[in-house]
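There are 2 protein chains.
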Amino acid sequence: MIINGQPYRTVWMDDEAIKTIDQTLLPGRFEIVSLHDHHEVARSIESMIIRGAPAIGAMGAYGLAQAVSQLDRGDLDEIESLKQFFHATRPTAYDLTHALNTVFDKIAREADLPAMQQAAIKAAEAYADQSVEACRKIGELGNQLIRDGAVILTHCNAGALATVDYGTALAVVRVAHYEGKNITVYVDETRPRLQGAKLTAWELSQESIKHLIIADNAAGYYMQKGEIDIVITGADRIAANGDAANKIGTYEKAVLARANDVPFYIAAPISTIDFRCDSGEHIPIEERDESEVLIIDGKRIAPMDSRARNPAFDITPAEYIEGIITEKGIFKPAEIKLLASGNV
Amino acid sequence: MIINGQPYRTVWMDDEAIKTIDQTLLPGRFEIVSLHDHHEVARSIESMIIRGAPAIGAMGAYGLAQAVSQLDRGDLDEIESLKQFFHATRPTAYDLTHALNTVFDKIAREADLPAMQQAAIKAAEAYADQSVEACRKIGELGNQLIRDGAVILTHCNAGALATVDYGTALAVVRVAHYEGKNITVYVDETRPRLQGAKLTAWELSQESIKHLIIADNAAGYYMQKGEIDIVITGADRIAANGDAANKIGTYEKAVLARANDVPFYIAAPISTIDFRCDSGEHIPIEERDESEVLIIDGKRIAPMDSRARNPAFDITPAEYIEGIITEKGIFKPAEIKLLASGNV
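Taken in order, these protein sequences are the chains called G and A.
1 is the number of the first residue of the first sequence in my numbering; add one for each residue after it.
1 is the number of the first residue of the second sequence in my numbering; add one for each residue after it.
Calculated directly from the structure, the hints in this document are not laboratory data.
Among the clues, some could well be false.
To be verified - Below, in silico cross-link-like pairs of lysine to any residue (SDA-like), each with a Cα-Cα straight-line distance of 20 angstroms or less:
id: 1; chain 1: A; residue 1: K225; chain 2: G; residue 2: N241
id: 2; chain 1: A; residue 1: K225; chain 2: G; residue 2: P317
id: 3; chain 1: A; residue 1: K19; chain 2: A; residue 2: R9
id: 4; chain 1: A; residue 1: K225; chain 2: G; residue 2: K19
id: 5; chain 1: G; residue 1: K210; chain 2: A; residue 2: R309
id: 6; chain 1: G; residue 1: K299; chain 2: A; residue 2: L25
id: 7; chain 1: G; residue 1: K19; chain 2: G; residue 2: S47
id: 8; chain 1: G; residue 1: K299; chain 2: A; residue 2: D297
id: 9; chain 1: G; residue 1: K299; chain 2: A; residue 2: R300
id: 10; chain 1: A; residue 1: K106; chain 2: A; residue 2: D129
id: 11; chain 1: A; residue 1: K210; chain 2: G; residue 2: I301
id: 12; chain 1: A; residue 1: K299; chain 2: G; residue 2: I301
id: 13; chain 1: G; residue 1: K299; chain 2: A; residue 2: I301
id: 14; chain 1: G; residue 1: K225; chain 2: A; residue 2: E287
id: 15; chain 1: G; residue 1: K225; chain 2: A; residue 2: I285
id: 16; chain 1: A; residue 1: K210; chain 2: G; residue 2: E290
id: 17; chain 1: G; residue 1: K337; chain 2: G; residue 2: I270
id: 18; chain 1: A; residue 1: K210; chain 2: A; residue 2: L26
id: 19; chain 1: A; residue 1: K225; chain 2: G; residue 2: P311
id: 20; chain 1: A; residue 1: K299; chain 2: G; residue 2: T24
Source: prediction; values computed, not measured.
Input sequences plus hints: build the corresponding full structure.
Right, here's the structure in full:
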């Protein structure tokens, strides 16, 4: 992605430190943080310095590689513990599981510590590169769905910041924009954490892509008025039947899209698909602290004795999803299980 | 309503001043403001010191009465101009039109200024009293829909603060609570102005009624999980065919309620029904300043060069409305036109 005119990835390795953009400070401040051990890496995921399923996956890959590079003996049980440690940071994003398993499997093939360490770093870098390539391909394929002049609604941030680069939903937006299509993005602000207003708007603003921020409440209004051509969001985990977990409120947009005959698409790399999970009801939904609802930017908006509930994700049933845009093609939800065999 | 243990109305006349609770300061600060002329009254409506269709109606009634009391001659053209002046403050709330016409008609029957002034004050007081009585009755009738243990979702603030007293949706909640039913209210925070988190939660908190604030995005999630028994909102204007304009996002909740077989009700006095308006498409929708989306409590959340759109209301088509709870009974949307004749 382009930030202040320079190309950036969301997460990368720089010598022994893992570098990432602190997303909790955007759009007010652009700051790169350095993470030096597995505690700092875990905290960066838990505190949402980095967020977005593919980005969390890459951070997990780098985090495991860094942690292994700091070991003084090649004990697979210890490495397995580290994997579990990272895995526990956030429960819903499947890319994290996928990334940790990918790096772990490469390590487990090696016999001694130096070989393990070398394999871990190589696997993490390869994971990040493949993630970038998958997103680029998602953008190219999804672009076929976008007509010149299209108005695209997106929810939360499925952008470069949510991945290693390009994004998923925003990869589609980027490619359409780079090809000269005159598009407008309606950006759901995405309470409670406002990733739409803060992160998606910032990414689009950095690349001068036309966008308008709306309250989450207004998405249905614009669909009802016929002003939205297509809805595209990312996903945090997709079950084998095509049910998709994504940021809270995604389900609302999908139901509204159906009621107004607006096609609703999920854009996600295959690493987001949990083929061992039969349906959405088995996807764990993280409930985050009520303070994210009760307090905005340090100021309490609600009465002192009021309480809140704060589920971070919801499940959009496959029936509401027109298609899933992956790096291997655009599939109907019922078709994605074919991807498990690797035959597609 | 009970505030700090004392009974209050939202708006009342105290000698020559109109008094109202400054709703822009809640829940942080409880403050009564005094309005001394028609400019201050208009500003109180425009700046949302007072909001909610029935409350705006009562403010309009008192405002016109106060303005007439300050005239030095009984010129009906001038009084008509004052009526239009108040009417222009906010376009969607029908109660304002209704209240201004009610008071104006009483004035127009009188021959001289002192009689006009006396009639105006009497009409405004009667309007407020009738509004309170209508809301009390809405509460009683709506209470029949609430089972012991019910979980009720509401959007925005359709409480005592949005009326003269009791509220509409919250009148139902109040009566159920006063009768000892163990109810829980899920309160949509209602971006962009957060009337749910700020006002509804505060009213419920003042009367110790169990409630939980949720992001607007989470309402669908809880309906999908089967945790919501009934959705009740207010309305700003109801067309003769039963289409209802209400706070932006209401349409989203209605569509989600239908998708999840949760009954969706509107609670509103008959003064909210615009019998001369055939359908929702003729209801004017106010678009408010983009700063309400871009800035929260004085702090900009979005990038400096991002823009926003901010429709204040949306239209819920009659087909999504299970019933309209009025002071004269609970009606199917198709039945409300019968109320125009006054035969019900």
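- prompt: Under the criterion that the straight-line Cα-Cα distance not exceed 20 angstroms, is the pair K225/G, E287/A satisfied?
  reply: holds (14 angstroms)
task: Given the hint that K299/A pairs with T24/G, test it: the Cα-Cα distance must not exceed 20 angstroms.
output: holds (15 angstroms)
- prompt: Quick one, are K299/G and R300/A close enough, alpha carbons at most 20 angstroms?
  reply: holds (13 angstroms)
query: Does the alpha-carbon distance linking K19/G and S47/G stay inside the 20 angstroms limit?
result: holds (15 angstroms)
query: Are K299/A and I301/G close enough, with their CA atoms no more than 20 angstroms apart?
result: Given pair K299/A, I301/G holds - Cα atoms ~13 angstroms apart, limit 20 angstroms.
field: Holds or violated: K19/A to R9/A, with C-alpha atoms at most 20 angstroms apart
entry: Given that 20 angstroms is the threshold and the Cα spacing comes to 9 angstroms, the pair holds.
field: Straight-line alpha-carbon gap K337/G to I270/G, limit 20 angstroms
entry: Since the Cα atoms of K337/G and I270/G sit roughly 11 angstroms apart, the hinted pair holds (cutoff 20 angstroms).
- prompt: K225/A and P317/G: Cα distance at most 20 angstroms?
  reply: Cα-Cα ~12 angstroms, so holds.
- prompt: Given the proposed pairing of K299/G with L25/A, does the C-alpha separation stay at or below 20 angstroms?
  reply: Roughly 14 angstroms separates the two Cα atoms, so the pair holds.
field: Distance restraint between K225/A and N241/G, which requires alpha-carbon spacing of 20 angstroms or less
entry: Roughly 19 angstroms between the alpha carbons, so the hint for K225/A and N241/G holds.
query: Has the given pair, K299/G with D297/A, been kept, meaning a C-alpha gap of at most 20 angstroms?
result: Distance ~8 angstroms between K299/G and D297/A Cα, so the pair holds.
- prompt: Is the Cα-Cα distance between K106/A and D129/A 20 angstroms or less?
  reply: holds (16 angstroms)
Checked against the numbered hints above, the structure violates only hint 4.
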